[in-house]
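Undergrad: Residues per chain are reported as follows:
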Amino acid sequence: MAELLQFLFSGLTVGAVYALVALGFTVIYNASGVVNFAQGEFVMYGGMITVFTYDAGMPLWFAAASAVAITCLIGIVLNRLAIEPARGASVVSLIIITIGASIVLRGIAQIVFDKQIHRFPAFSGDTPLLVGGATVLPQSLWVLGGAAAIFAALYVFMTRTMTGKSILATANNRLAAQLVGVNVKVVMLLSFALSAAIGAIAGVLVTPITLTNAGIGVGIALKGFAAAVLGGMGNPAGALVGGLLLGLIEALTAGYLSSSYKDAAAFVVILLVLFFMPGGLFAARTVERV
Amino acid sequence: MTRPGMKTATLIVLIVLIAAAPLVFSGTYHYRVATLVFINAIAVTGLVVLIGYAGQVSLGHAGFFGIGAYACAIGATHFGVPPLACIAIGAVLSGAIAYAVGRPILRLKGYYLAVATLGFGILVAMALTNEAQWTGGPDGMIVPSINPRGWFALAGLKVKTAVAWYWLAGTVMIVGAWIALNLKDSTSGRALRALHDSEIAARVAGVDVTGAKLQAFVISAVYASVAGSLFALFNQFITPDAADFLHSIELVTMTVLGGAGMVLGGIVGAALLTILPQALTVFQDYESVALGVIMIAVMIFLGRGLVPSLANALRRRPA
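Top line first, the protein sequences correspond to chains A and B. Residue numbering for the first sequence follows my numbering, beginning at 1 and increasing consecutively. Residue numbering for the second sequence follows my numbering, beginning at 1 and increasing consecutively.
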């Protein structure tokens, strides 16, 4: 029982990170129809900038805040230089463009920082808590709480504020949104900034547990993408469920079956879900245009 | 694009290029890089059929490349099958797997298809990494060599191994290109291109959409597998990296960069992305940055790929 509990905790922690990355995918996908494979690099920059600012002698909160702010800027620049000019390109072209962007961002990180593995201290120490016979790192609670807070904040932002509603409107119908006076360009910019911030926060939260280096982006992006598709591309609730589910499947496979095939289990489940529910668990609301 | 001279012209251009390239080569290294270009071009030609003709994405084609490569390594090492026969076994195996997974996968579209093929590729790479007793695990395994020099010697020609490989891979690439070019104008090829433009219109016109997609998927898998086999035999060493996600992306990028709709475009893309990293290593740390920037720039400014865009520009220029 304690063992199962242990697997559930670690699965939920990792799953929360996947959920945040999937949420980042969702925000950009909804505003622009682009799946941004550079999403994992946002997580990497969140962690790496914090590490280097902290090592330079800044307080941890300041290091984290500047990491999120700088990553936001990176997201905006990415939109301006790579996504906006490619408006209307095919799915394959967009995949290549964002993967190209991820290669560029990783390369820059290797030049600006280094290729080593880094971490910074956990927010409230490394003494594990005992819960029902299982141990939980305090940082795991930060990850779970942080993810919950971001989801709640995003929900309020999207449904209660004018800016959030204009993002939703653009996601629903770009042209109609433009007609009622939504500045679509600003919405795009905003969603890239938002998505980058979410990714960076995920990076800040999880780095004390998983460590970071310049090359972690690809793996994280794949998992986040898989989680987003599992839940149903473009659906924030789907991102949450897909991410947590993916984390749990991985942890349980690693615990009970084989740790070397934990990534395989995730993809087998995704393939099965897609075979039987081609739109993901929360099938997208959008109607296919003929 | 379907002018009758196009096919012959493409083949002649390719043959002339292959025949003329050694004139500027100075040493084994150039022959080896060119051989790699041909091998990648074979896999990419398969993707031209899948992406360019049929309009379906696959982010897992390195999986088939890996199956072909390991068929040669495992078949020869563990079962004593002659390497050349292993190429065929790998191709049949890849085709069969593509047929089996293609049925459910190809019902998906766009990003869903992308993630499903991605998942498939990752599963193959993972199996190759973890089944160490067969594959040597992440460290890879040695592949028994074949030496095409002997065949040239039979014909009374004296060549170095690298040179022999150059002609062998070049010939296979030409054959592959010839098949793909013929396919384009065949009934099946027209069906594929019809569903590329509009699946519904194709269906209305009586095209068996599911069957046509599956056909393209199987064909492209066989191309990738043959390329993988040749790579393993040429390199005499293989690691699971050959099957991983990044290699899949590399293959798709080659295809789209040169121009997915044309066999020649795919080959140019393969040449570019094989040679460029070799050339960029002088910039060391900036290599990947430069590569990424080139990928983005070509996609933004030459949306249909290098070759079609350039061909268009030339055609539009007043004579």
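Mixed in with the good hints there might be a few duds.
What the hints assert, rightly or not - Partial selection, computed: residues in chain A whose CB lies under 8 Å from chain B:
id, residue
1, Gly57
2, Ile76
3, Arg80
4, Ala86
5, Val92
6, Ile103
7, Phe225
8, Phe275
Hints listed in this document are in silico derivations from the structure and should not be mistaken for laboratory results. Glycine residues also receive a C-beta, built at the ideal position from the N, C-alpha and C atoms.
Undergrad: With a cut-off of 8 Å, does the beta carbon of arginine 80 of chain A approach a beta carbon of chain B closely enough for the hint to hold?
TA: Since the shortest Cβ distance to chain B is 12 Å, the answer is violated.
Undergrad: Going by Cβ atoms only, is phenylalanine 275 of chain A closer than 8 Å to chain B?
TA: Where the cut-off is 8 Å and the nearest Cβ of chain B is about 4 Å from phenylalanine 275 of chain A, the hint holds.
Undergrad: Does isoleucine 103 of chain A pass the interface hint, meaning its C-beta sits closer than 8 Å to a C-beta of chain B?
TA: holds (4 Å)
Undergrad: Verify the interface restraint on valine 92 of chain A: the C-beta must sit less than 8 Å from at least one C-beta of chain B.
TA: holds (5 Å)
Undergrad: Is the shortest C-beta separation between glycine 57 of chain A and chain B less than 8 Å?
TA: It is violated, given that the least Cβ distance between glycine 57 of chain A and chain B is near 26 Å, above 8 Å.
Undergrad: Close enough to count: is the Cβ of phenylalanine 225 of chain A nearer than 8 Å to one in chain B?
TA: With a closest approach of 6 Å, the phenylalanine 225 of chain A hint holds.
Undergrad: Once the shortest beta carbon distance from alanine 86 of chain A to chain B is found, is it less than 8 Å?
TA: holds (5 Å)
Undergrad: Using the nearest Cβ pair, does isoleucine 76 of chain A come within less than 8 Å of chain B?
TA: Hint on isoleucine 76 of chain A: violated, closest Cβ of chain B at ~16 Å, above 8 Å.
When held up to the earlier numbered hints, the structure conflicts with 1, 2, 3 and fits the remainder.
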